[in-house]
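Chemist: Chain by chain, the residues:
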Amino acid sequence: MEQDATLEHLLGLRHLTPGQIRNILDHAKRFKAINERKIKKVPTLRGTTVVNFFVEPSTRTRTSFEIAAKRLSADTLSFSASSSSFVKGETLLDTARNIEAMQPEILVLRHKASGAPHMLSRAIDAAIVNAGDGYHEHPTQALLDMFTMEEHKGPISNRDVPLKVAIVGDIAHSRVARSNIHGLTKLGADLHLAGPATMLPTAVESLGVTVHYSVEDALKDADVVMMLRIQKERMGTDLFPNDREYARMFGLDKKRLQLAKPDALVMHPGPINRGIEIQPDIADGPQSVILEQVTNGVAVRMAVLYLVSHRGRPAAPVEVQ
Amino acid sequence: MSQAPFSIETTIADSQKVDAILDRLADEILAAHPKCEGIALVGIYTAGVPLSQRLQQRLEAKTGTSVPMGMIDITLYRDDALDGLPSPVVGETRFDFPVEGTQIILVDDVLYTGRTVRAALDAVVDFGRPKVIKLLVLADRGHREFPIEANFVGVRVETSKRDSVKLSLPEIGNETACLKHFQP
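Protein sequence lines, in the order shown, are assigned to chains V and L. Using numbering that gives the first Met the number 0, the first residue of the first sequence is number 0, and each one after it goes up by one. Using numbering that gives the first Met the number 0, the first residue of the second sequence is number 0, and each one after it goes up by one.
Rather than coming from a laboratory, the hints here were simulated on the basis of the structure. Being a predicted model, the structure only gives us computed values, none of them experimental. Check the hints yourself; a few may be wrong.
What the hints assert, rightly or not - Lysine to any residue pairs mimicking SDA-like chemistry, simulated, CA-CA at most 20 angstroms apart:
1) V:LYS40 / L:PHE94
2) V:LYS69 / L:ASP95
3) L:LYS160 / L:PRO97
4) V:LYS37 / L:ASP121
5) V:LYS31 / L:ASP95
6) V:LYS28 / L:PHE126
7) V:LYS40 / L:ASP121
8) V:LYS37 / L:ASP95
9) V:LYS152 / V:LYS40
10) V:LYS37 / L:PHE96
11) V:LYS31 / L:LYS165
12) L:LYS61 / L:GLU27
13) V:LYS40 / L:ARG117
14) V:LYS37 / L:LYS160
15) V:LYS37 / L:PHE126
16) V:LYS31 / L:PHE126
17) V:LYS40 / L:VAL124
18) V:LYS37 / L:PRO97
19) V:LYS39 / L:VAL152
20) V:LYS40 / L:LEU81
21) V:LYS39 / L:LYS61
22) V:LYS40 / L:GLU27
23) V:LYS31 / L:PHE94
24) V:LYS40 / L:PRO97
25) V:LYS40 / L:VAL152
26) V:LYS69 / L:LYS61
27) V:LYS31 / L:ARG114
28) L:LYS16 / L:GLU36
29) V:LYS31 / L:GLY127
Just need the whole structure built from these sequences, with the hints factored in.
Modeler: Put into structure tokens, the structure is as follows:
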């Protein structure tokens, strides 16, 4: 697949071409090598300012972006919801314009409203990177998931038999699932979704995926099993009754995992609810790559920050061996 | 950046002459480092990598010992990294030896402004503290913008800043090995 080395913003995977996704994953390979050195730093983004603007709580993603920016020698600063003027009633746009007045080159945004990054990308000059918006997209998470899959299973595209990926859980409220659906289908993976009927979005088949109401059907012969986090705050609502029933019906345990291919990868975007969507022996087992996902997240975010810092101009493509 | 079309094309060295220059450079390395003790060759992407492989073969044949090799891509270390000047490709950076305490010979095809070498020096020291870093180039075309000189030079070429000096090699997809001087 041809790399397309232009990336003006990263708002989601829905509007990226397969070539742009390929290019980010190929660049991430080079950046991963930097993270394995003794001196984990290159001078590439010296003088570039990256603002991490997290209006919704997040530790993993924010620190991952922060480490990624620092390893590229960018200057970083982080705003969080509680410390910003948000609590004083300022609108998102006003806060963003104030941040912009300090002339950052890149703004990484996490926001509870779907579409917030899109709105900012039209309103301000900085390159916008979506770090998760509402129920919409979480593109860097999906990219690091795809990167981790390729490390173990080889390229997702151009296979004789498409890579079978099962995504299980609360699909309707998951921006991780949505970004993975867009990204993986663009690269030609065979996607199977399963979850409680109350948590499956209607007409999701139109995105080119197969929907199952029993988790067993989705897991059959899967190359990758991706479990989604169940948000406990939804428990007891009409979406699902309690965590024990969820674990019994949809949780990943040893018996269910045996339905997938013997070398299937087990993934989870974290933080995990042990004993609910995934049993501890599976989360810590030999097929689990959950912590590798976290490691790869830094490399993927370095690639994204590097590419958007070119402001739409093409970066040098990566040599593929 | 638009470049005027070149009307004069001079061959500085054909395939045979490139081989002869590399033979001589290998001898010069051996004169400075008998038995190649403690040295390692590091090619700068793209053409520097096959050049250092060619030198490695010669040195290993002459000394009977193995000479370690590495490669660096300087894209992320360029002082114009984000100015949109395209690098050909981002290649792999890899050292098959500990950088600490090694005498490194950087290998590149053409020495011009010295900016590539400046970036390469920064890249190497991020991997450790080498004992010495030397520079070997197939061609030196002058017009330095940094105080950088090569320790081993294949050929010196008189050029103007509007000229271009290019090395083609079969290892990087060209038909034959050839060093050419292009003038407007």
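Chemist: Take the hints in turn and mark each one as holding or not.
Modeler: The hints, checked one at a time:
no., hint, in the structure
1, V:LYS40 / L:PHE94, "17 angstroms, holds"
2, V:LYS69 / L:ASP95, "27 angstroms, violated"
3, L:LYS160 / L:PRO97, "38 angstroms, violated"
4, V:LYS37 / L:ASP121, "14 angstroms, holds"
5, V:LYS31 / L:ASP95, "17 angstroms, holds"
6, V:LYS28 / L:PHE126, "18 angstroms, holds"
7, V:LYS40 / L:ASP121, "11 angstroms, holds"
8, V:LYS37 / L:ASP95, "15 angstroms, holds"
9, V:LYS152 / V:LYS40, "28 angstroms, violated"
10, V:LYS37 / L:PHE96, "14 angstroms, holds"
11, V:LYS31 / L:LYS165, "32 angstroms, violated"
12, L:LYS61 / L:GLU27, "12 angstroms, holds"
13, V:LYS40 / L:ARG117, "17 angstroms, holds"
14, V:LYS37 / L:LYS160, "39 angstroms, violated"
15, V:LYS37 / L:PHE126, "7 angstroms, holds"
16, V:LYS31 / L:PHE126, "15 angstroms, holds"
17, V:LYS40 / L:VAL124, "12 angstroms, holds"
18, V:LYS37 / L:PRO97, "12 angstroms, holds"
19, V:LYS39 / L:VAL152, "33 angstroms, violated"
20, V:LYS40 / L:LEU81, "17 angstroms, holds"
21, V:LYS39 / L:LYS61, "38 angstroms, violated"
22, V:LYS40 / L:GLU27, "35 angstroms, violated"
23, V:LYS31 / L:PHE94, "15 angstroms, holds"
24, V:LYS40 / L:PRO97, "18 angstroms, holds"
25, V:LYS40 / L:VAL152, "32 angstroms, violated"
26, V:LYS69 / L:LYS61, "46 angstroms, violated"
27, V:LYS31 / L:ARG114, "25 angstroms, violated"
28, L:LYS16 / L:GLU36, "28 angstroms, violated"
29, V:LYS31 / L:GLY127, "18 angstroms, holds"
Figure legend: structure checked against the earlier numbered hints; hints not met, in rising order: 2, 3, 9, 11, 14, 19, 21, 22, 25, 26, 27, 28.
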